[in-house]
Amino acid sequence: MRTWFGRAGFNLLIVFIILYSLFPFYWVFKSSMESSIALNQPTSSLLPQQWTFVHYRAIFAVENFLRPLLNSMFVAGMTTIISVILGSMAAYGLARMPIKGKAMILGFVLLVSFFPQIAMVGPLFLVFRHLHWLNTYQSLILPYLILSLPITTWILTAFFSQIPVDIEEAAMVDGASITQTILKVFAPIALPGIFTAAILGFLLSWNDFLFALSFIQSPNMDTVPLALVNFRNAYYVHYGQIYAGVVIASLPIALIVLFLQQRIESGLTAGSVKG
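For what it's worth, my numbering labels the leading residue of the sequence shown as 8, then goes sequentially.
Just so you know, these hints were derived from the structure itself, not from any lab. We put the CB at the ideal spot given by N, CA and C, even for glycine. No incorrect hints appear here.
Estimated spans, in silico, between C-beta atoms of each pair:
#, residue 1, residue 2, range
1, Phe36, Leu141, 34 to 40 Å
2, Phe32, Arg239, 20 to 26 Å
3, Asp173, Gly16, 42 to 48 Å
4, Asn71, Arg103, 47 to 53 Å
5, Gly114, Gln187, 32 to 38 Å
6, Met96, Trp11, 50 to 56 Å
7, Val35, Trp11, 35 to 41 Å
8, Thr186, Met111, 29 to 35 Å
9, Pro130, Arg64, 40 to 46 Å
10, Ile125, Ala68, 34 to 40 Å
11, Ala110, Gln48, 56 to 62 Å
12, Thr59, Leu141, 37 to 43 Å
13, Asn47, Asn227, 27 to 33 Å
14, Leu265, Ile106, 35 to 41 Å
Could you build the full structure based on these sequences and the hints that come with them?
Right, here's the structure in full:
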């Protein structure tokens, strides 16, 4: 009986945590489906009084929200691809080569990713202005690489270290070249870690606001976070459109995490258990 009550209490606690975590997202979705009049009411119910898609239509018809979505997708996608390629190369070398002070190198790599963004804005702004890179895609991709590449390298180094060297040696004994061994033997085994690093890098780029605010100067180059802030004029803030934009901007991340959940978990737990 005591065991049954303990499991029931644990399950209730899990349900409470899930509902508590999801409630803000539900409230944003619910608010995006309400009219502007209902949003301005002093009180609100848990369900929309009248379901409407007017805010979703407005952000595409009036605000041209498709352009910021494409900008964010391109910038985040390019950052992720470059970060995974360079991070995989660095991680493979750190995991396989007998390098002295490897732990110190990894610690420094991880420390770089926690460097405050606000401290980088001023120097990067001066550099980009000198290179005439302000209001360009590269003015966002390069800063995002500064944030994502260290985390990618650190995660992949931990994951690659768990892959036995015997697998690669056996492939070379069978006549495979180094390139064939890496691409056909090592890479498929390393996919969970690569997916995890790619998703984290994509999230960092997709959600950034500070760099976009600092380096982007025209509306046609706005990313999603920057476009959401601009859903206002001198007299009125379009809260309904902001809520609708947040819902749409959250869908790609939610779908990625939903369909790649197992790969993310296996990638994040790499290095926690040694065989």
